[in-house]
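Could you build the full structure based on these sequences and the hints that come with them?
First to last, the sequence lines map onto chains G and V.
Quick note on numbering: numbering that gives the first Met the number 0 labels position 663 of the first sequence as 662, and the sequence is numbered without any gaps.
Quick note on numbering: numbering that gives the first Met the number 0 labels position 407 of the second sequence as 406, and the sequence is numbered without any gaps.
Hints in this document: simulated from the structure, not taken from any laboratory.
Wrong hints could be hidden among the right ones.
As the list claims (entries may be wrong) - Derived SDA-like pairs (lysine to any residue); straight-line CA-CA distance at most 20 angstroms:
id	chain 1	residue 1	chain 2	residue 2
1	G	317	V	303
2	V	398	G	103
3	G	79	V	266
4	G	79	V	535
5	V	493	V	477
6	G	409	G	361
7	G	470	V	17
8	G	317	V	535
This one's a predicted model, so the numbers in the text were calculated from it and none came from an experiment.
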Amino acid sequence: MHTLGVDIGGTFTDFTLVDEGEREVAVEKEPTTPDNPAVGALSGARRLLESEGVGFEDVEAVIHGTTLVSNTLIEQTGAKTGLLTTEGIRDTLRLRRGSRYDMFDWGMTYPDPLVPRDRRLEVGERLDDAGDVVTPIDREQVREQADRLVADHGVDSIAVSLLHSYVNDEHERVIGSVLEEEYPSVNVSLSSAVVPVIREYERTSTTAINAYVAPVVADYLDFLSEELAAEGFAGEVYMMTSSGGVVDVRTAKAEPIRLVESGPAAGVLASRIFGESHGHDDVFSFDMGGTTAKGSVVSDGEIQMKYATDIARVHRFKEGSGYDIVSPLIDLTEIGAGGGSIASVNEVGLIEVGPESAGSDPGPVCYNRGGDEPTVTDASLLLGYLDPETFYGGRMELAQERTERVFDRKLAEPLETSTTEAAWRVFEVVNENMATAFRRYAASRGIDTRGLSMTALGGAGPSHAFRVARKLDIGEVICPFGAGVGSSIGLTEAPRMYETSSTQQALLEDLDRDAFEQQFRPLYEEAREVLSRANVDEDAVEVDLSLDMRHVDQGHEIEVPLPADAIDDVTADAALEAFARAYEETFNREMLEFPVEVLTYRLELSEANDDRAAAQLAAPTDRVAQPSTRSVHFGPAYGSVETDIYRWSALEPGIQLEGPLVIEADQTTVVADPDSTVSVADDYDVTISLEEQRATN
Amino acid sequence: MRDTATNETDELETQVLWNRLQSTADEMYDAAERLAFSFSIREGADASTAVMTADGDAIGLSDQSVPVLSGALSRTTRIILEEHFPPEELEPGDTIITNDPWIGGGHLSDVVVLNPVFYDGELVGITGSLGHTDDVGGNRGGWSTDAEQVYEEGILIPPAKLYDAGERNDAIEAIIRDNVRIPHQTLGDIEALRSGNTLGEERLEEAIADYGPETFDHVADEVIDRSERALRDELEELPDDTHDASVTFEIAGFDITIAVSVTVDGSDLYVDFEGTSDQIDAGINCPFGNIVTVTEYIVKCMLVPELPNAEGFFRPIHVTAPEGSIINCDRPKATMGRHLTYSRAEDALIRALGQVVPESALSEMAGIQLAPFSGQDAAGNEFIAVGGTAGGFPPRAGKDGTPGVYFPYNGKSTPIEMFERYSPIRWVETALVPDSEGAGEYRSGPAVRSSYHNPTEQPAYFSLTSGRADREPDGFRGGESGKRATVESDADDKTVEPNGPGVLGPGETLSLVSATPGGYGDPTDRDDDRVETDVRLGYVSEERAREVYDYDPTG
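As structure tokens, this is what we get:
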């Protein structure tokens, strides 16, 4: 049987086919088709299966990562959405929390709410903070408001978010049942189901996003499933979530909010796997594609999580300038820096790169598809990192002269410099942008990047890693064989997994074993149902429990992992001990002598680790060949150097090579500067050791 | 070749370490905010943190902060080092505390906590956190205008070692405990601020261990020099000249003028508030430190917003204000509601600097309303919960204003669900008010109305401060003026003053409506599509659209 991983990025779609019997992997890459990404996904899958001689009926599972949700938000192409909320607070989505994410930047701006004011309607109902009814809900009024949304405004989707519904979901369920009765075809997202947590703005925002993307995701998944079925596929489709697990299609359709970082999450999973296979528990995951670059740190073999972020940022990618969501996510940083990022000269004569991207359509100038803005990929071509003949397996000839002309006109001439120097500056600026973002990410989490190993993934990752690593003081870069489609390798290894949570405030000392079980039980049942739909046997699951706790009245909770691995085995004493430990670890101080309370219960259910070895790319059959050479530019420190060019699949395992060199594969290119050595492992993974730079710029 | 190599390494080290100091300040902020107990810090983000050199010069300042507090810590630290605790009296494990308005954040609620950082027995730096604790005793409330002297406003803690070489000074704690209504909250806030510092301490020690003390000192100097040079370069570009502006307002029966004269002289900027009204017997006097920090804030926003913040940036700015004036008040004048005054000084500064850099100017701001509610809940426990409204960010060339944003402050509004969890008062509404915008080619956001209901049998107390309740904020370049802030009770025959204390009786509902900033540009020049959208969304009525914006829906 086979597992197929499909990862749709902004520019390329990556494919991984795992032969589950042999644990062997084959990979493929295909330009993303932005109008309907499923088209590119299907044609790439067809090509890969054909070349491997595998039929769709031999594929047991398709595991899918996609930027569909984030793109829908960025491009504002979601469903026409309405909001039903408690009387008095319909402007919550517009007012947000009233803060300015950058207090010095008066050009600061927020995106328009996904649900405009005329489609945000109020319902006369009210609960108090204990969940007791202050004003009962009136089904008739709900019906009238629903009529206004559906009949007058023609909405396809409705978000429902009422005050204090995280304690008591009764009124939201009443609205849900009225909508189900009256308008069964309209999608409904209840805040109490999507994200039952305290703080009405954050909950409403998350629910509105869920409602906005749900119909798009449903249409897409239906289309994809039907097309796959038509090809003879009879297995299951699983979707990658932002937290690095996979869920079934039904869960994905109901809670598409969980897919917000579906694509980027897979890269971090892959990095953990590659790090492990090289004996590293601590790695910096660097994943650079056509549109964005992602950075994240794996510490002690653990992927770091967070529970809130904002997406589709509208002001210079600044944190806080997007739509707020509360959802479990892998803690990574993503910036608008990719092969397609566009370079320009700003008013003070400096090169700026990104965040705008030429994407796959029209793409970089060198793709010769009508792009006429200089991009990062174009710079790589002009520096000699890419070969115009063999790029993308020779399936796309790069337009060298045209690219030179565009660089001259748009960059070199205004800057009064050479074409090569302009290309080097573009390359360096984008590297510095990424390094700055990664440094900030690491520093704000108390992580020192020095001493980490970097895993370089994505089409552009392995050619930029040597410079980004130097800027982060990282001495070792691992470029896994198949790095160019690394994320999709992560997909096929992702565990089936589901996290869920609920808010119920209580003093810790008032809770006994039964009280804990009573809270965790419904979460367990919910997660178990999701996993059983994903064909995970109940005997083969692992439970992870945690509590968000704090001192009574304290501002924010800290997430406290519990030692218990069963929901009927949680005690207040153990929780207090865990709280004390987490407090100390997080804040470098002892907890206070003051009562402790529990606010949120979290449960993660995942299929047990089966300890099987990570699948390996099939050993290449190319004969070991002598390298060719060409002139490659490494900046003012080295200038242009005659450099050995290797075919990745023709490298001899175990060999050590001296930089400078370039290693080419169909999906990516590895670049190593003159002050580096490169070793090739038995499995063809390439490790670049960066020595102290002898020459300097 | 050798020299270049050193420069390259220097450059990299400076950049990496600067980032790290900046991130340390952010991390400290995050810890303090997460561990704090008061609404104002934990939900309202009314705090700031800094990493400083052993001399008290800021080399890392938290990005998230309230502007008036952002530059305050280093000034406070230098006063404490010079006048209270000279470096030789500091030991590892010390924590210094004060809330003296003339040393710290300008009113008693702002508590400053400092920790010296040692490396190999040497004082190498200081970490500092400052936050607004909602309960400092005194009159009920928090922000208020109603006191004449600082003594009425709460407990004043002079600079003192709360921790002496790691040992807590229980006497100080006992004094605080017995002078406030909710001791665990106040003391919890102080511990939260201290936690920010100890975390920063550890990070700083790590950084020095990684780079060595010499490199650290060198980079600290470099950070300060560079931030100074950046502002000086910008000032050099501007023509040498003096620009005057003044703003008048009325509050608590006093007519007040803030006058400012801004002089660009080479690479220095002189800001003089000569001509400003004298201090008064109401709680809106500002200690001088506030005026220094808000001036620095406005200058940064208007001239060099993207630069990372560090001490050197403050050096070319020279602020003077007459002693005994409302913005350089003497002890023991009351200062609790001083934000009502310093925000007017910011208006005056924007007007004056706007003559130098018109593209950065704004219409007149709307400020905020603050409404701390307090009392006892059904179980007899004291509560304090902070409500209020924000008048939004003013419109600018090409861009409508943003409603509901805190400006010139930077807080966060309290979630209704949190407010109700910690107080028996019901927050019944937060809504945008139609036809309330400062009209213009680019309009302000609409006003925000927030209403609070007392569903209990007991009275509750509130203490209001309302920015811009006296007159409508001016428009800019032909824009119309905005609206003034108002307050209303639904109780029969009850008038509530927009500034001052009051009682929210059982069953009563209090509604606050924010002011709105002035508009930008002539409203009849407003794009028809924009007016149409405003009408569709219910921000502007059709009638007002016709009258003010000259809008013809049929055309």
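Hints and how they fare:
1. Of the pairs offered as hints, the one joining residue 317/G and residue 303/V holds, with about 18 angstroms between alpha carbons and a cut-off of 20 angstroms not exceeded.
2. As the CA atoms of residue 398/V and residue 103/G are separated by approximately 17 angstroms, the hinted pair is consistent with the 20 angstroms bound.
3. Of the pairs offered as hints, the one joining residue 79/G and residue 266/V is violated, with about 54 angstroms between alpha carbons and a cut-off of 20 angstroms exceeded.
4. With a C-alpha separation of about 16 angstroms, the suggested pair residue 79/G and residue 535/V falls inside the 20 angstroms cut-off, and the hint holds.
5. Between residue 493/V and residue 477/V, the direct Cα distance comes to roughly 38 angstroms. Violation of the 20 angstroms bound is thereby established for this hinted pair.
6. Simply put, residue 409/G and residue 361/G have alpha-carbon atoms about 17 angstroms apart, close enough for the 20 angstroms limit, and the pair holds.
7. The hinted pair formed by residue 470/G and residue 17/V meets the criterion: a straight-line CA distance of about 14 angstroms does not exceed 20 angstroms.
8. For the proposed pair residue 317/G and residue 535/V, the alpha carbon gap of about 30 angstroms is over 20 angstroms, so the pair is violated.
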